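Join the two chains into one complex using the hints; note that each chain is given alone, in its own frame.
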Amino acid sequence: MKGRLKIYLGYAAGVGKTYRMLEEAQAARGQGIDIVIAYFEPHGRKETIAKTEGLEMLPRRTIAYAGTKFEEMDTDAVLERHPAVAVVDEFAHTNVPGSERGKRWEDVRIILDAGIDVWTSMNVQHLESLNDQVWHATGVRVRETVPDWVVDEADEVVMIDLTTRALRNRLERGVIYAPEKAQRAMDNFFTEANLSALREMALRHTAHEVEEKLTAPAPQQTASPTGREERILICLTGRPSSAVLIRRGKRVADYLRADCLAIHVVADGVETPESRAAADRHLRFARNLRIDTHVIESRDVPTAIAEFARARGITQIFMGRSAPRPWWRRFGESTVQQLVRQARDMQITIVAERRR
Amino acid sequence: MTDDHRPNPEELLRRVQADELRERRGRLKVFLGYASRVGKSFRMFDEGRRRKERGQDVVVGAVQRDVTPDIAAILKRVDVVPMLTERHAGKEYQVIDVAGLFRRHPGVVLIDGLANANPPGSRNPQRWQDVQEVLDRGVSVITALNVQHIQEKQDEVERITGKRAAHSVPLDFLREADEIEVVDAPPDVLMNRSGPGGSEDARRLAELRELALLLAADVVDGQLQHYLDAHGVPTLWAAQERILVCLTPRSNAEDMLRSGKRNAERFHGALLAAYVEQGELGAQDRDRLEANLSLARDMGAAVHCLKGADFVTTLVEFARAQRITQIFIGHSQGARGPIDRLIDSAEDFDVRIFPQRAKA
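For the protein sequence lines, the chains are X and Z, in the order given. So that you can map any letter, position 202 of the first sequence is 288 in the working numbering, and since no number is skipped, the others follow by simple counting. So that you can map any letter, position 265 of the second sequence is 258 in the working numbering, and since no number is skipped, the others follow by simple counting.
Simulated from the structure, these hints should not be mistaken for lab results. Treat the hints with caution; some may be incorrect.
Stated by the list, open to error - Just some of the chain Z residues that point at chain X, by a computed CB distance under 7 Å: (1) Glu174; (2) Asp177; (3) Pro179; (4) Glu203; (5) Leu206; (6) Ala209; (7) Val213; (8) Tyr220; (9) Ile336; (10) Asp341; (11) Val344; (12) Phe347.
Since this is a predicted model, take the numbers as computed values, not measurements. We put the CB at the ideal spot given by N, CA and C, even for glycine.
Here chain Z stands alone, though its shape is the one from the complex (with noise of 0.2 Å):
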């Protein structure tokens, strides 16, 4: 489930900064895949051929060892900066010369095998790090990253191929990235089909696809809410599903964060649940809200405690600030609550009444 930050001034201040740095900076696009062999380092080098055909000054900086045909004779046909060979503890590392690339300086690099490491004592003990410096130089990077290689996602990949990566870069580099672009195929076409456990093969991999297509949705939903933010464009109907669950002291919050938390993962959206402050609450309501507010915590739940004068007002704010789809709401104990009230303002999203459960 993804955060649910909403920009305040100081927030928006940082960043216009952080678009003006930008400005100076290189553009960064990464090529993202779920295996090995899906097809990235060529997507990447056709691009980078592509451009230099439109005119770019386009080089090579980093190519992984054993390359394909055709991106070999994509290699014949662009400048190639050549990697330096460092040996390590009997190891031998292929480094990209970052100080050769300053010296030629080009409009852009390609960079394959984007999460190797380099030997201690280098300039950066990462590649990701050499590409930062790249592109602060005023240097565009396209590059290509497998999503097993994310460091944050290294326990979904564990959980999925029983193996974490040995070195990873950090989903915030992918964040900043100024464009990624998702490189898919049915996993079939990696297969070896004949081999034995071939099935498992094929849900592994289909798993791992899903993670990659879901992180590239989630990188767009935030270059997405960046964009209408800085230019002042009005919120949208998400693409993502978002749930607030409404609690109270004496609602049923159990089944309400159960079924948003299930609807949540079903429609990988994101799970909120709210509070509205009216007035003091006794001693046994105050100890009542504070479990279903912890229950929230520990479902998930993003729990934000509201003020506001009017309650169905302050929810619905909160609501449309939040891009929220659908709220969940307990029945009102009284005849007439404010349910009517919410459901008459709710123009945005879809209001789920919930059941009392019967009192023992």
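One chain only, chain X, in its complex shape (with noise of 0.2 Å):
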């Protein structure tokens, strides 16, 4: 049987993520239940590391990678020594170049699958699906995320509150980082304007997941093969603002518990090989989402969108805007334009380039 998953969700830096798990797996631990400490990271903070006294820690790996040697949970010495439950520390983490898998939320699926119960910390900036919006609200591209899918299929994800003023009083009194780096975070990522909007974002998610697992979609008697009420197609490109939009169509498609299709339509001896590469890069990135990817050739991108949707089933087509188009082709219609004119029997959202 595979092993339960328990997120404990974080705004921050700081919240006490960490310092809940490891007083839980405390708790635990005088049950009786055989919990082991797989990955934890100290980050110097005095009072999270006076809560792994007495438990089991498990080594790490040392990788060495450009010269320098690197520290990653051995995810061998996990399955190796199979305990009940293993904490592992941040779970958006990303492993070393050399590492056998990429990211750490992969080993911890491997641990999983293995019939160990994981509990792991995370920020809910970490969840791909938020990372235009974290972006737009505080400025920082986080480069560090976790798919969506993958905590949707946590058992359990507990959010981990703190108020803005308590944090930011941690933070003065040193409590998360030196004086100097303290002040700095203050500064920039720390603010309050920040910070509230990142609370908010983790506690309506948490409220999300919980509603995700409160109503389990049952199968409805529709057309669609899927038995879902509707199916959102992506009309995806190689120019780079299709990263949002495929990350913005996924997040309506999940809420409204849509299907979610993507498509590249490939414009014969029109499009550079560059393009192409970019329009594959996010065909890959979408099927890392679980979106389900298809390649069409044709010279009338408009139609054959509209034909593909039309044979799909496809109630709702998400697209970006067209590109600014050179002056001699101006007064002809964009492709957003003519889907538009051709698709009026359907919803199409064009999807906006936010901007800060």
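Printed below as a string of structure tokens:
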């Protein structure tokens, strides 16, 4: 049987995710549960370190990269030790190159598959679908992300809440970072506005996870092959804005419990190799988010999209704004305009290119 | 769905004055939980303990009758202003000694059981009103509250649990708190899973949990907006979805509103509807528009009638001010409608274009 995954979700460093996780680990140990620490990041926080006392800590794996030694979780050691519960700090962590797997959450899935429960910690800003929103609200582009489906598969998501005032007080007292770093953090990322926005996202996301588990979608009698009411089609291209489009379309699909497909229309002979390579990256990105991807060839992009959408029972098309066009084509219609004209029977969403 | 009130200058002035008043008041911090045994009281007393260790003058003003051993341990280390026991109609009441607290005048008071009622003839009918008085004297309060005891949530709570709380605290009390913190835990921690009806309990608890989390999110959103307004920080991409349905006499209002309502519900966001006035309407169009607007109201949308020389500019400005994340609009009848311009000027929100229903 697969192990159960429990995520302690916070909204910033220092809210107390690891502390709470270790506190509960201590309680579990007290009840005779075989629980070990598979990976712990002390960050020099005394109170948190004290909470590891008496808990078995597994050795880490040392990996040399670019002349420096890095320490990662030793997944094989966890499997060999095979406890009932493994505590794994920092779920969103990216492993150093040369590790067996790219992301810690992938290691966690291996541990779960072996029938070991995992308790782990992460912040809401690491969720893939919130990446643009977090950037827009805080100005920070989070690089380490976890696909939403990984978090959705968790058996339990617990919100570790702390008021922004209490968090900033902790920062001022030097509990979270050393003084110079703390001051920089207060002036930049840890502002009242940023923290409040992230906190609200974390509360809403936890509520969403609770609701998802409460109402597992029941199959319905409709025309769609998977029995879902809505089917969303994302039209991706090689333009950089496609990443935003994919995240946005997938997020809406998830909340509406809709099927989600993505299509790239290769306009034969028109697309440059660079643009094609970028589109391929976007297709891979979409598949990582568990979107069903399709590529078709046609010189008439809007017609191809409209025909595909009708054939697949699509109810809503997501697309980006058309690229600015050269002056000699400005009097014709853009792809968006043509599609809007051709697919009058469908909902079409043009996703904004939000700026800061 | 939350309201979409935006501040005007008078409102801002009122807020500044409220802020000044708040400076003289004690600070209120509320621990919000979704069920008893979730650990609110412990978190409250534990915070009191930590503050005392950091040198603050902390006293306990109210405890529940039965305390867990970990709370009992904290109570031994913090000063207590004992509660008064009063008898009314053969029933015993534990009442906060407000006068005693004023004499002692600590920095912080810990008050558990916020939703409790006082017996008739007391200084205040409700404990939360005692707390208001304490705050007005410049004493800070830390308290704990269960979402089931919030007045405005009674209908929802009754739908979930089949019960209404005997006593409750108004939502404004929570909204005006300086800080609220959610005490979250998975429901299985609270349940006796061996007993019958376990899955029913789990469902109820999960619904209450969602209610508490969303309520906290709304309060945080209110505080964030207040902060942004007060500091002149430009609007952010709202953490909450806010959907604006654009109505015209000829638009397929019903489909758009239904979809808007469904989206707003799924995202726990806000639903707004707007109509941009453009010259006089014929009698038939006026009737259609009125029907659409009243349908919007029936669907729970906040309806706005906008005036402006240019349709697109008016709509875009309104959407920005309202932090709209999605605009719903019907396919225009003509070949070149305002939709192209709307898409071009929409930087902050998605535009969703709806089919016109085939005319009968």
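So, going through the hints one by one against the coordinates:
1. Glu174: 5 Å, holds
2. Asp177: 4 Å, holds
3. Pro179: 5 Å, holds
4. Glu203: Where the cut-off is 7 Å and the nearest Cβ of chain X is about 5 Å from Z/Glu203, the hint holds.
5. Leu206: Interface hint status for Z/Leu206: holds (4 Å vs cutoff 7 Å).
6. Ala209: Since chain X brings a Cβ to about 5 Å from Z/Ala209, closer than 7 Å, the hint holds.
7. Val213: Since the shortest Cβ distance to chain X is 5 Å, the answer is holds.
8. Tyr220: Holds: closest Cβ of chain X sits about 6 Å from Z/Tyr220, inside 7 Å.
9. Ile336: 5 Å, holds
10. Asp341: 6 Å, holds
11. Val344: With a minimum Cβ separation of about 5 Å from chain X (threshold 7 Å), the hint on Z/Val344 holds.
12. Phe347: 6 Å, holds
Violated hints are absent here; each numbered hint is respected by the structure.
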